[in-house]
Amino acid sequence: MIVVEGITKYFGSRKALDNVSFEVKDGEIVGFVGLNGSGKTTTIRTIVGVLKPNSGDALIDGKSIVKEKKEASKNVGWVPELPIFEMDARALDYFVYLAGYYGISKDEALKLGKQLFEEVGLSGRERDMLKTYSQGMKKRFALAVSLISNPKNFLFDEVFNGLDPQGIHFFRDLALKMKKEGKAILFSSHILTEVEAIADKVVFIHQGKILKVMSMNEIRNLIKSNDVKVVLNQVNENVVQIAQAFGKPELSGNTLLIHDFNGNMSVLVSKLTPYGVLEISKLGGNLEEVFFKVIRGEL
Amino acid sequence: MRSVLYDFKRSFLRLSVLLLLFLFILGGIGISNAVFHNYGINPSAYENLNVAGFSIIRSLGTIQVYGIVFNNMGQPVSGATICVHYSGGVMNTTTSSEGLFNLSIPYSNMFYASNNLYAIASNSLYAIVKYDGMVRNVSLFGGSTGWVTHVVLFTNTSTFYDLGVPYPYPYLYYVPMFITIMNHNHLVMFTYERLNVSLSFLQNNSNGQTVDSSGVSGAKVLKEYNFSLKPFIPVYTTIEVPSEANYVRILYNSSMTNNPYSQSPIPYSQSPILYTNIVASYFSAMGLFLFYFPFVVIYLAYAMFAKPRDTGALEFILARPITKGELYMTRFSANAITVIIASFLINLSPYVAFILKAGLYLSPKFILLASIIPMTSLLTYLSITYMYASLIKSGWITLGLGIGTYIIIQVISAIGYSVNYTLIEGYIVPGSISQAIASYLEGATISVNVGLELLSTILWIVVPLVIGYLAFKRTDI
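Line by line, the protein sequences give chains A and B. Going by the numbering used here, the first residue of the first sequence is number 1155, and it counts up by one from there. Going by the numbering used here, the first residue of the second sequence is number 104, and it counts up by one from there.
Please note: incorrect hints may appear among the correct ones.
Claimed, not checked - Beta-carbon label-pair distances, calculated as ranges:
#, chain 1, residue 1, chain 2, residue 2, range
1, B, Y524, A, S1288, 35 to 43 Å
2, B, T578, A, K1447, 34 to 42 Å
3, B, T578, A, A1351, 22 to 30 Å
4, A, K1268, B, L557, 44 to 52 Å
5, A, T1286, B, I458, 55 to 63 Å
6, A, S1167, B, S550, 40 to 48 Å
Unchecked claim - Heads up, simulated EDC-like pairs for lysine to aspartate or glutamate below, C-alpha to C-alpha not over 16 Å straight-line:
#, chain 1, residue 1, chain 2, residue 2
7, A, K1206, B, E327
8, A, K1306, A, D1414
9, B, K112, A, D1242
10, A, K1221, B, E429
11, A, K1224, B, E528
12, B, K112, A, D1247
13, B, K576, A, D1247
14, A, K1169, B, D579
Unchecked claim - A few chain A residues facing chain B, derived, Cβ under 8 Å:
#, residue
15, L1213
16, G1216
17, K1224
18, S1227
For the record, the hints were derived by calculation from the structure and aren't laboratory data. Note that the structure is predicted; figures quoted are calculated from it, not measured. Positions of the beta carbon are idealized from the N, C-alpha and C atoms, including for glycine.
The task is simple: from the sequences and hints, build the whole structure.
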């Protein structure tokens, strides 16, 4: 479990984070969304112990990252957006080196390294220099390192950025698998459809402040609508008359929008069949709409 | 500690570090070469081949040559080739397992006077001794002019302790033996007549007086050795020389003259003459190479700390179970171990060269103390560059500042030569303890305050290290 307690962070005179608080429970995936420069990465770097907050703290399974850094770090994994290592090292050697900080002997680390490299899809690339790794491979390597201590908490920072569809699929499945294992996962992303697909909760951050923390159920309720869209092959005035029996119609070209739909979809389709029904769907909002509403202060 | 070792292992096996160590070994070899070739130590002073013996006028027209060949460790050299050149010819022989050789040489420049047989010394009578690529040229008269009678001592020995009495008196009218203390207190003696010899090591009393023959004037006889020598049978043995001994005295009783002879005690130094010559040159040569080594260490600090900090690579490490302070100290300690090893290598490679080339074994204390000289200087620049890397994020600026600081200190040091050498070199510049160490190892008087030098040296390392540590802990990396 990750508990962020009132973190404030200054870079010089600029306040990057302003009293940021939220929590990620065990077995929960929390999406962390915000515009560029909103403070997502700064928050994650602070939680992981790379940055020291000016005030506030982050508790990793109850251990303070500020006061008990070593203990807290053992129980949190981190995959940065752009992982940077000492690139002239060979991947497995560097893995063994980093495993040393967890008190793992060389032999154990080599064994563990081979196993984790296979799990993250880097099998066969263990002896390669890190500088030859692609962006996706670097993220997989960072993941392998994060798994050294099999932590219960994970931070994925813009992990989908720069990944091919296979990579996105890999990390999405991994997050879901970890959730099933009862781990706490915080992941920031610009790809809101991905957040929508896997998150249980969304934390909205803007200009260093947490604007809203909403569960996905709340968001789904917000974006639920009762409008129906019908695309027809041919239209005339009769189409609008037919539609009035189902709600408030609005015709735009060959597309018929019925607001406040109150009938049966199959009956509607049968009545419009003479006009050639090409497509019919219920319209709904998405996370993006909610996101902008939150940013604008409308929610 | 484990993290330090991991960091050390990983940093130590980097190509740049291995290259650094290779450079330091090359530097050490360069130092040894400079000592032997650029600082005026004649090969005859260190070649591991020595010759001594007697030319005896046996009869009109014949000189009998008895000699021994031994190395700088005072061990006999068997199989050495001896070519004796005389007017009209050359005679060859090889040495026995005891290093002995014996030749009867025709020599016509002799005459009788007052019933004594004399030979006229000449450059035409000499021996060339060859062994394992080394060559010694020995005048069998011990000189080239004048006339001699009966027996002449000849030697061509590396400058250890030739105790020929009175040294370096070449004509043995009254000293019927060759005696020298070679490396590691290996004693070599060779005589042409039966002798009882007493060799004493003394310590002068507080008034600077040495003991007399009866040992009553206050000085202590620390160790005494007695030997019964037989003609032309060399003695190779090891003696123990007390560390407090500063005088040596030889007594002998000749069977031929039956007169006891007592030599006045002569000053004795714990270091052989070869050591003194080499060490003085050694520190001059090391100074030359020390000018370049800090550049390598500054680069090491850049590659291992400043650059990863600049690129952000330290962040990923800091997400491990380690604090910032520990990260700083483990990296520094790992690099410091590399510097310490490199400092030993600088001294070990010439040490090996001295053994192989001159048979001169320097003590472990010498290697240890001599290693402190580059070590303190290099640790200072490592510490300074780490400090800059903590204060400034840019790796290149850190590298530039490290080099700039070194150059400024060199300029201050150069000014010190003309302004106040003792103050600036002795206390102000980094690694000033090297002044005291070099003086101590050279056997010279230490004219500086060792405590202050030590304090200055430690402060140069510790202060930048602590500033860097505190800055790194406070600053976001």
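The hints, checked one at a time:
1. For Y524 of chain B and S1288 of chain A, the hinted distance range of 35 to 43 Å is not satisfied, since their beta carbons lie about 60 Å from each other.
2. For T578 of chain B and K1447 of chain A, the hinted distance range of 34 to 42 Å is satisfied, since their beta carbons lie about 39 Å from each other.
3. Evaluation of the 22 to 30 Å hint for T578 of chain B and A1351 of chain A yields a failure: the beta carbon distance comes to about 40 Å.
4. For K1268 of chain A paired with L557 of chain B, a C-beta distance near 50 Å keeps the hint of 44 to 52 Å intact.
5. The hinted range of 55 to 63 Å is not satisfied by T1286 of chain A and I458 of chain B, whose Cβ atoms lie roughly 46 Å apart.
6. S1167 of chain A and S550 of chain B have their C-beta atoms about 55 Å apart, which leaves the hinted 40 to 48 Å range violated.
7. For a cut-off of 16 Å, the pair hint linking K1206 of chain A to E327 of chain B is broken: about 73 Å separates their Cα positions.
8. About 46 Å separates the Cα atoms of K1306 of chain A and D1414 of chain A, which puts this hinted pair outside 16 Å; it is violated.
9. For the hint pairing K112 of chain B with D1242 of chain A, the CA-to-CA distance comes to about 15 Å; that is within 16 Å, so the pair holds.
10. Annotation: proposed proximity of K1221 of chain A to E429 of chain B holds, straight-line Cα distance about 14 Å (limit 16 Å).
11. Simply put, K1224 of chain A and E528 of chain B have alpha-carbon atoms about 45 Å apart, too far for the 16 Å limit, and the pair is violated.
12. For the given pair, K112 of chain B sits about 11 Å from D1247 of chain A by alpha-carbon distance, which is consistent with the 16 Å threshold.
13. Only pairs whose Cα atoms come within 16 Å are accepted, and K576 of chain B paired with D1247 of chain A is rejected, the gap being roughly 27 Å.
14. Of the supplied pair hints, the one linking K1169 of chain A and D579 of chain B holds, its CA atoms being roughly 14 Å apart against a limit of 16 Å.
15. Given hint, L1213 of chain A at the interface with chain B, is violated; its Cβ is 16 Å from that chain's nearest Cβ, farther than 8 Å.
16. The restraint placing G1216 of chain A at the interface with chain B is violated, with a minimum CB-CB distance near 16 Å, outside the 8 Å limit.
17. Interface hint status for K1224 of chain A: upheld, as the beta-carbon distance to the closest one in chain B is roughly 4 Å, under 8 Å.
18. The beta carbon of S1227 of chain A is positioned within 8 Å of a beta carbon in chain B (closest approach about 4 Å), and the interface hint is therefore held.
Taken one by one, the earlier hints fail for this structure at numbers 1, 3, 5, 6, 7, 8, 11, 13, 15, 16, listed in ascending order.
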